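Participant: Protein chains in written order, with my numbering: chain A, 392 to 707; chain F, 301 to 559.
Quick caveat, the hints were computed from the structure, so don't treat them as lab data.
Check the hints yourself; a few may be wrong.
Here are the computed lysine-lysine pairs in the DSS-like style, where the Cα-Cα straight-line distance is at most 30 Å [what the hints assert, rightly or not]: (1) F/K430 to A/K414; (2) A/K512 to F/K383; (3) F/K430 to A/K605; (4) A/K672 to A/K658; (5) A/K512 to A/K550; (6) F/K383 to A/K530; (7) A/K533 to F/K383; (8) A/K505 to A/K550; (9) F/K378 to A/K410; (10) A/K533 to F/K378; (11) F/K559 to A/K513; (12) A/K410 to F/K430; (13) F/K559 to A/K411; (14) F/K383 to A/K459; (15) A/K550 to F/K559; (16) F/K430 to A/K533; (17) F/K559 to A/K414; (18) F/K559 to A/K459; (19) A/K512 to F/K430; (20) A/K644 to F/K383; (21) A/K414 to F/K378; (22) A/K530 to F/K559; (23) A/K411 to F/K430; (24) A/K658 to A/K410; (25) F/K430 to A/K550.
Chain F is faced by these chain A residues, among others (derived, beta-carbon under 10 Å) [claimed, not checked]: (26) M451; (27) G455; (28) H547.
Ranges between beta-carbon positions, derived for each pair [to be verified]: (29) A/H467 to F/H533: 55 to 65 Å; (30) A/P435 to F/W307: 39 to 49 Å; (31) F/R487 to A/G437: 27 to 37 Å; (32) F/W307 to A/S405: 17 to 27 Å; (33) F/A548 to A/S405: 51 to 61 Å; (34) A/A524 to F/V412: 24 to 34 Å; (35) A/H467 to F/V426: 51 to 61 Å; (36) F/S336 to A/S521: 17 to 27 Å.
Quick caveat: nothing in here was measured; it's all calculated off a predicted structure.
Every residue, glycine too, gets a C-beta built ideally from N, C-alpha and C.
One-letter residues, chain by chain:
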Amino acid sequence: MNVIEISGLRKSYSVGFFKKTEKVALKGLSLEVREGEVFGYLGPNGAGKTTTLKLLMGLMFPTGGSAKILGLDIDHPRVRTSVGFLPEQPYFYDYLTASELLEYYAQLSGVPAKERSPRVKKMLGRVGLSDVANTQLRKFSKGMLQRAGIAQAIIHDPKIVFLDEPMSGLDPIGRREVRDLIEELHDEGKTIFFSTHILTDAETLCDRVAVLNKGELRGVGVVADLLSSRGATVEIVWRGTSAIASVETLGGKCHVAAEIVRAVLEKSNLDAAIDAVRRAKAELISVTPVQATLEDFFLERIAQPSETTVPAELSI
Amino acid sequence: MTASRIWHISFNTFREAVRDRVLYNLVFFALLMVGSAPLFGQISVGLERIVLVNLGLAAISIFGVVIAIFIGIGLVSKEIERKTLYTVLSRPVRRWEFILGKYFGLAGTLAVNTFFMAVGFFAVLVFVTKSLAASDAQLLIAIYFIILQFLVITAITLLFSTFSSPLLSALFAFGLFLIGSFADDLRGLARMVEGPQHSLLMGLSYIVPNFGAMNVVSQVAHQQSVPATLILHNTLYAFLYAAAALSAATLIFENRNLK
Chain A
392 MNVIEISGLR KSYSVGFFKK TEKVALKGLS LEVREGEVFG YLGPNGAGKT TTLKLLMGLM
452 FPTGGSAKIL GLDIDHPRVR TSVGFLPEQP YFYDYLTASE LLEYYAQLSG VPAKERSPRV
512 KKMLGRVGLS DVANTQLRKF SKGMLQRAGI AQAIIHDPKI VFLDEPMSGL DPIGRREVRD
572 LIEELHDEGK TIFFSTHILT DAETLCDRVA VLNKGELRGV GVVADLLSSR GATVEIVWRG
632 TSAIASVETL GGKCHVAAEI VRAVLEKSNL DAAIDAVRRA KAELISVTPV QATLEDFFLE
692 RIAQPSETTV PAELSI
Chain F
301 MTASRIWHIS FNTFREAVRD RVLYNLVFFA LLMVGSAPLF GQISVGLERI VLVNLGLAAI
361 SIFGVVIAIF IGIGLVSKEI ERKTLYTVLS RPVRRWEFIL GKYFGLAGTL AVNTFFMAVG
421 FFAVLVFVTK SLAASDAQLL IAIYFIILQF LVITAITLLF STFSSPLLSA LFAFGLFLIG
481 SFADDLRGLA RMVEGPQHSL LMGLSYIVPN FGAMNVVSQV AHQQSVPATL ILHNTLYAFL
541 YAAAALSAAT LIFENRNLK
C-alpha cells in the first residue's frame, strides 16, 4: 500500500524585485512511498529536497500537481495527526526545557492530557535525554538538539515520519544514534521518509531511494537493484607494465604506481585480461570484485543531462 | 480542540516573554519612572498629584507600547526565521489558530505587566497623597484605555510581522502609533485644507488607529470624570480595530509560503 503518492508536484517562485523571473524549484515530481519502508530522498544541495518536504507538510503551496498522504490530500486536517516532521537544522524554543518542549508539542498534536506526562518521560528516555529533561534547550549540543528534534517528531506516535537531513552536521557518534533511532522506528512499522546527501547513511538504512537533482527526479528504486544494475566490475592487479596496452583494449582503466598496475574492468573481460597478463609474463598479484556503491549511482544520475531523466518508478 | 491549541500557543508565547530578560529591564525602567514621579512633583508645589498621574500613566503607556512592539515584531517573523514555526504548523494547528494564539499570548503578557505597573503606580500615589479618593477610580479607566491601546498596537504589530522584517515592522508600528496618537489633530488639519489633500488627510485620519481618543490621562490627572459613552465607544473601537488587523494578518499568513 502506498502511504505517500505524489503526482506531478511542481513549485516555482518569482524572484527579483522589479524584473520578476520565475525560478522552478520542483519540476513535476511523481513518486510513491510504500507503507513501512525507509525511503531515502537523495540529492545535492539545492536539488529541491527541502522544498518537497515543505510542500508535503503544508508549509508551502504547490504551483501544480497534487500529493496525498495516507490517501488524503496533503491539506486535509487529519493528515497532520498522522505525520511527524523534523526540519533541517532545527532550532527549537531555547527558553524551554526538553520536557517542556515535548509537552508543548504533545499538546499541539492533541495527545490526551493524562497520557502526556508518561509519554514525554518515555520519549526522553528513548532518545537518551532523561538526564537533561529539565535543562533549557539553549544549553544543548547539536546532537542533543537533533535527538530532541526526533523526539518531538514522534511524540504523538505518527504513522509516517519525515526527516529533513537528520544526520547533517552531526559527529560520527551523533549520526550513529540517529541511524539507530531510524532503525527502531522502522522496526515498529513506521514509514520513514528522509532526505539526505550523506549517501552511506542512505545505503545502510533505506529500502528504496530516489535521486533528485535541480528539481527533477533522476531515479528511484530498491537500493540493491540500483547497485546491481550498474554491472559487475573487477579490479585486477599485477606487477610489470608490459600488459597495459592489451588490458586497455579490453576496456580496463590502468593506474601505474611503482611497477604495480591496477586496472578496473567489466567482469566479462576478466579471463581475457588474465590471459593478457600471463602472455606478457607479468606477475599476477590479485583479482578483487568491485562493490558498486550508492555514491556511484548517485553521481552518475546527477551528472546526466535533464533530457535523459526517467520520470517515475524504477528507472534502473 | 481549536480553543485548546490557541490556549497552548498563547501560554507558550506568554512563557517566552516572561523568560526574556529584556522584558524585566523595560518593566524595571517603567517602575523607576513611576517611582521617581514624586521628585518631579516637588518642583511645583501643590501639583504633585497631577505630575505623578501624568508621568506615571505615561510611563505605563509608553513602556507597554515599547514591549508590545518589541515582542510583537518577532512573533511571526522570528518563528519563520528560526524555523520553529515548521514544527508547529506541521501538526494539526491551523495558521489562524497560530496567529490568535500568538496575539492572546502577548496581550496576556501586556495585561500582567500593566497590572504590576499599575500596582506600583497606586503605591506611589498613596505614598504621595497619603490617601485614595473615590475619584481616583477614574485612574482605572485611564489604565483600561491604555490596555485597549495595547490590544490594538499588538494586533497591528502582529499584522506587520506576518509579511515584513522585524526592523520594518517596528518602524511601521511606531509610526502608526505616533500618527494614531494625533488622529484628531490630523482631522483638524484636513478641515483646514481643500481638494485632494483634504480627502487624503481625512481618509488617513479615519484609517489610522485613533489612539488619541484612548488617552484620557490629562482628564483623570485633573480629576475630571470620563463619560460612560466614551468607555463603550473606545471598547468597541479597540476590539473591532484589533479584529480587523488580526483578520488581515490571518489572510496574509494563510497564503504565505514559508521558504
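Participant: Each of the hints needs a verdict: does it hold here or not?
Facilitator: How the hints compare with the structure:
A threshold of 30 Å between alpha carbons decides the hint, and for F/K430 with A/K414 the separation of about 71 Å lies outside it, so the pair is violated. As the CA atoms of A/K512 and F/K383 are separated by approximately 25 Å, the hinted pair is consistent with the 30 Å bound. For the hint pairing F/K430 with A/K605, the CA-to-CA distance comes to about 76 Å; that exceeds 30 Å, so the pair is violated. The straight-line distance between the Cα atoms of A/K672 and A/K658 is roughly 22 Å, inside the 30 Å bound, and the hint therefore holds.
Between the alpha carbons of A/K512 and A/K550 the distance comes to roughly 20 Å, so the proposed pair stays at or under 30 Å and holds. Of the supplied pair hints, the one linking F/K383 and A/K530 holds, its CA atoms being roughly 18 Å apart against a limit of 30 Å. Straight-line distance between C-alpha atoms of A/K533 and F/K383 comes to about 15 Å, which keeps the hinted pair within the 30 Å bound. Our distance criterion of 30 Å between C-alpha atoms is met by A/K505 and A/K550, whose separation comes to about 22 Å.
Between F/K378 and A/K410, the direct Cα distance comes to roughly 28 Å. Compliance with the 30 Å bound is thereby established for this hinted pair. Distance restraint check for A/K533 and F/K378: the Cα-Cα separation of roughly 20 Å lies within the 30 Å cut-off, and the hinted pair is therefore satisfied. Between F/K559 and A/K513 the alpha-carbon distance is near 33 Å, which puts this suggested pair outside the 30 Å criterion. Restraint check for A/K410 and F/K430: not satisfied, since their Cα atoms lie roughly 68 Å apart, outside the 30 Å limit.
A distance of roughly 17 Å separates the Cα atoms of F/K559 and A/K411; the hinted pair therefore holds under the 30 Å criterion. At roughly 24 Å between alpha-carbon atoms, F/K383 and A/K459 fall within 30 Å of each other, so this suggested pair holds. About 26 Å separates the Cα atoms of A/K550 and F/K559, which keeps this hinted pair within 30 Å; it holds. Straight-line distance between C-alpha atoms of F/K430 and A/K533 comes to about 58 Å, which puts the hinted pair past the 30 Å bound.
Taken as a hint, the F/K559 and A/K414 pair is honoured in the structure, with Cα atoms around 13 Å apart against an allowance of 30 Å. Distance check on the hinted pair: F/K559 and A/K459 sit about 21 Å apart at the alpha-carbon level, within 30 Å; holds. Under the criterion of a C-alpha separation no larger than 30 Å, the hint pairing A/K512 with F/K430 is inconsistent with the structure, at around 55 Å. With a CA separation close to 48 Å, the supplied pair A/K644 and F/K383 exceeds the 30 Å bound.
The hinted pair formed by A/K414 and F/K378 meets the criterion: a straight-line CA distance of about 25 Å does not exceed 30 Å. The straight-line distance between the Cα atoms of A/K530 and F/K559 is roughly 27 Å, inside the 30 Å bound, and the hint therefore holds. For the proposed pair A/K411 and F/K430, the alpha carbon gap of about 68 Å is over 30 Å, so the pair is violated. Under the criterion of a C-alpha separation no larger than 30 Å, the hint pairing A/K658 with A/K410 is inconsistent with the structure, at around 56 Å.
At roughly 67 Å between alpha-carbon atoms, F/K430 and A/K550 are farther apart than 30 Å, so this suggested pair is violated. Against a cut-off of 10 Å between C-beta atoms, the interface hint on A/M451 holds, since the closest Cβ of chain F lies about 4 Å away. Because the smallest distance between the Cβ of A/G455 and any Cβ of chain F comes to about 14 Å, over 10 Å, the interface hint for this residue is violated. The interface hint given for A/H547 holds, since its Cβ lies 8 Å from the closest Cβ of chain F, which is under the 10 Å cut-off.
Separated by about 44 Å at the C-beta atoms, A/H467 and F/H533 break the suggested range of 55 to 65 Å. The beta-carbon spacing between A/P435 and F/W307, approximately 43 Å, falls within the hinted interval of 39 to 49 Å. Between F/R487 and A/G437, the C-beta spacing of about 54 Å breaks the proposed range 27 to 37 Å. Checked against the hint of 17 to 27 Å, the C-beta distance between F/W307 and A/S405 comes to roughly 38 Å, which is inconsistent with it.
Checked against the hint of 51 to 61 Å, the pair F/A548 and A/S405 fails, with Cβ atoms roughly 22 Å apart. Our hint of 24 to 34 Å for A/A524 and F/V412 holds, since their Cβ atoms are close to 28 Å apart. The beta-carbon spacing between A/H467 and F/V426, approximately 59 Å, falls within the hinted interval of 51 to 61 Å. At roughly 50 Å, the beta carbons of F/S336 and A/S521 sit outside the given window of 17 to 27 Å.
The structure fails to meet hints 1, 3, 11, 12, 16, 19, 20, 23, 24, 25, 27, 29, 31, 32, 33 and 36 from the earlier list, while all remaining hints are met.
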